Amino acid sequence: MNSDVINILTMAKVIQTAVAPVFLITGIAATLGVLSNRLARITDRARQLERKLKVSTDEEFNSSLTTELRALLKRSRCIHIAFSLSVLSAVLVCAVVMLLFLSHIQSVNLGVSIGSCFVGAMALLICAFMSLLGEVFLATRSMRRGMIFADIDINN
Numbered sequence: 064m065n066s067d068v069i070n071i072l073t074m075a076k077v078i079q080t081a082v083a084p085v086f087l088i089t090g091i092a093a094t095l096g097v098l099s100n101r102l103a104r105i106t107d108r109a110r111q112l113e114r115k116l117k118v119s120t121d122e123e124f125n126s127s128l129t130t131e132l133r134a135l136l137k138r139s140r141c142i143h144i145a146f147s148l149s150v151l152s153a154v155l156v157c158a159v160v161m162l163l164f165l166s167h168i169q170s171v172n173l174g175v176s177i178g179s180c181f182v183g184a185m186a187l188l189i190c191a192f193m194s195l196l197g198e199v200f201l202a203t204r205s206m207r208r209g210m211i212f213a214d215i216d217i218n219n
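Convert by adding 63 to the 1-based position in the sequence shown; the result is the number in the numbering used here.
Because the hints were derived from the structure by calculation, they are not lab data.
Treat each hint with caution, since some may be false.
Claimed, not checked - Derived CB-CB ranges, DEER-like:
#	residue 1	residue 2	range
1	L136	F86	13 to 23 Å
2	R110	A75	17 to 27 Å
3	L165	G90	16 to 26 Å
4	V175	H143	30 to 40 Å
5	G174	A93	22 to 32 Å
6	A93	V182	16 to 26 Å
7	G96	V182	50 to 60 Å
8	E122	S99	52 to 62 Å
9	D121	V97	30 to 40 Å
10	G178	L116	17 to 27 Å
11	T130	V171	39 to 49 Å
Unchecked claim - SDA-like, lysine to any residue: derived pairs with alpha carbons at most 20 Å apart:
#	residue 1	residue 2
12	K76	V150
13	K76	L173
14	K117	T130
15	K137	D121
Quick caveat: nothing in here was measured; it's all calculated off a predicted structure.
We put the beta carbon where it would ideally sit given N, CA and C, even for glycine.
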């Protein structure tokens, strides 16, 4: 075989190797969609509570609204952290794909860099999922405390 055919076949193998990280980027994009939706719901709820807070004169009611707003702020912080970590993870996965191609094109051994970027991406993604889990725990705790469903009689 001539060298052009070998280069094409080698490039095809590099592309095949790069497909797995590309699927990972797709999964991270789906996670970003979930995080965006959760943040939008938190924001909508906070705006709704702020409107109620402006018109209410009942101190006890205002205190409960303020407590719920604080809980929503904590939840939004968790989502913000998870979103940021997910984006950074996706950037590192993109760097993995880029380094795979550069390694082949430049005939340079970038194995340590590629591995480091991938491990970093996974660590960031794990932290993002942990932050999302923290937000879910906060949401569940708020619901259990009766802040969200205070007007619903659970016994019926």
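Do the hints match the structure? See the list:
Taking the beta carbon of each, L136 and F86 are about 35 Å apart, not inside 13 to 23 Å as hinted. The hinted range of 17 to 27 Å is not satisfied by R110 and A75, whose Cβ atoms lie roughly 52 Å apart. Between L165 and G90 the beta carbon distance is about 24 Å. The supplied range of 16 to 26 Å therefore holds. At roughly 32 Å, the beta-carbon separation of V175 and H143 lies within the given 30 to 40 Å, and the hint holds.
Our hint of 22 to 32 Å for G174 and A93 holds, since their Cβ atoms are close to 29 Å apart. Separated by about 22 Å at the C-beta atoms, A93 and V182 satisfy the suggested range of 16 to 26 Å. For G96 and V182, the Cβ-Cβ distance of about 25 Å falls outside the hinted range of 50 to 60 Å, so the restraint is violated. For E122 paired with S99, a C-beta distance near 36 Å fails the hint of 52 to 62 Å.
The hinted window of 30 to 40 Å between D121 and V97 holds, with their beta carbons roughly 36 Å apart. Distance hint for G178 and L116: a CB-CB separation of about 51 Å, inconsistent with the stated range 17 to 27 Å. For T130 and V171, the hinted distance range of 39 to 49 Å is not satisfied, since their beta carbons lie about 57 Å from each other. Between the alpha carbons of K76 and V150 the distance comes to roughly 27 Å, so the proposed pair goes past 20 Å and is violated.
With a C-alpha separation of about 16 Å, the suggested pairing of K76 with L173 holds against the 20 Å cut-off. With a C-alpha separation of about 15 Å, the suggested pairing of K117 with T130 holds against the 20 Å cut-off. For the proposed pair K137 and D121, the alpha carbon gap of about 25 Å is over 20 Å, so the pair is violated.
Of the numbered hints given earlier, the model fails hints 1, 2, 7, 8, 10, 11, 12, 15; all others are met.
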